[in-house]
Each structure stands twice: as C-alpha cells, then as structure tokens.
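Asker: Produce the entire structure from the sequences given, and follow the hints as far as they go.
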Amino acid sequence: LDCHSPAARAHAIDLGIAMQLTNIARDVLEDAQMGRRYIPGDWVGGATPDDIRAAAQDPSAPPAEAVTVAVGRLLDLAEAFYASGASGYPFLPWRAHLSIAVAARVYRQIGVQLRGAGLAWHQGRQVTSKATKLRCSLVALASFRRRIGSGRTAHDPQLHTALRGLPYVA
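Residue numbers for the sequence shown follow the numbering used here, beginning at 604 and rising by one.
Honestly, the hints are just simulated from the structure, not real lab data.
Everything numeric in this text was worked out from a predicted model, so none of it was measured.
There's no promise every hint is true.
Derived DEER-like restraints, expressed as beta-carbon distance ranges [what the hints assert, rightly or not]: (1) Ala686 with Cys606: 29 to 37 Å; (2) Arg698 with Gly727: 29 to 37 Å; (3) Gly619 with Ala757: 29 to 37 Å; (4) Tyr641 with Leu744: 28 to 36 Å; (5) Ser732 with Thr651: 32 to 40 Å; (6) Ala765 with Gln636: 24 to 32 Å.
Just so you know, even glycine gets a beta-carbon here, dropped at the ideal spot from N, CA and C.
Answerer: Quick look at the structure:
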C-alpha cells in the first residue's frame, strides 16, 4: 500500500478487527453448521454449535435470543473499530485510500443489513447487491474529506487493551 507511517498501523489493525467481527456476526449459523462457534461462550450462555443450530429453528427460544443479543454486541463493537479504521485512511496514498474505504464500506454494510433484518442470524448469510456496492462506493468517496486540513485523528489506545503484548500493538 506504500504506507510507511507507524501511526497508521493501529488504525489498520482496527479495520481488520471490524471486518472480522462483521464476518463472525454474519456467519453465526454457517459456522455452527460446520461445528464452529466464534462468539464468546459467555455471551451465549455456553451454547455449543449444536445448540446454535437447534436454536436457529426456534428464534424465540432463550438460546436463540442470547445469540441474537451477541450478534448485536459484535456489530456494536465492530462500529467502534470501523470508525477508528476510517480515521487511518488519510495515512494512505490516494488510490489505496479509495480502495480500502470502498472495501470497508461494503463489508460494514453487511452488518447494517443484518441489523436492519432484526439481527436475524438464523435466516442465513447477508449479502450485498451490486447496487448496494455501488452506493457504498459513492459514500466511500466522501471519506476524502478527512484529508483536508489535519485530517488525521489520534488512535484511541483503549481499543487495543485486549491486544497488549501482540506484535505491532503499542
């Protein structure tokens, strides 16, 4: 990406976290069908992948409600990381800025749609249409405003509290 600013790294990490949280929220049922659960166990009362698969058949049952709340928590958390990731765009060269901003907008839209569908994780994977991707691309163009003036926002170190001691984390 031709970005050599150490200050950009924390924002890049955050964007990656945001996208992964969105991925986890989007794929709850698909992952459970493959015997996996990435949502923290204490968020879902220790529900196993089998429990989650069964809960998908009755979305009003307590295990399903716990998963729905957990999906909402994941998406809420992702929003904080998307915001920090977007604050890192001005560190990037123009073309990289645009491509990363478009990718982030399109991926974030998955969570927006999931929330708009009432966090209905049990109905399967959310996808974005070509028209939605185009709209997200146009919205991403607005992120160039951050390049005007100082445009660079300091990273919130609290976002990395749980990451302390890992490579590239200050």
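Asker: None of the hints should be skipped; say for each whether it holds.
Answerer: Comparing the hints with the structure gives:
Between Ala686 and Cys606 the Cβ separation comes to about 19 Å, which falls outside the hinted range of 29 to 37 Å. Our hint of 29 to 37 Å for Arg698 and Gly727 holds, since their Cβ atoms are close to 35 Å apart. The hinted window of 29 to 37 Å between Gly619 and Ala757 is violated, with their beta carbons roughly 19 Å apart. Taking 28 to 36 Å as the suggested C-beta distance range, the pair Tyr641 and Leu744 conforms, at roughly 33 Å.
Taken as a hint, the range 32 to 40 Å holds for the pair Ser732 and Thr651, whose Cβ atoms sit roughly 34 Å apart. The hinted window of 24 to 32 Å between Ala765 and Gln636 holds, with their beta carbons roughly 28 Å apart.
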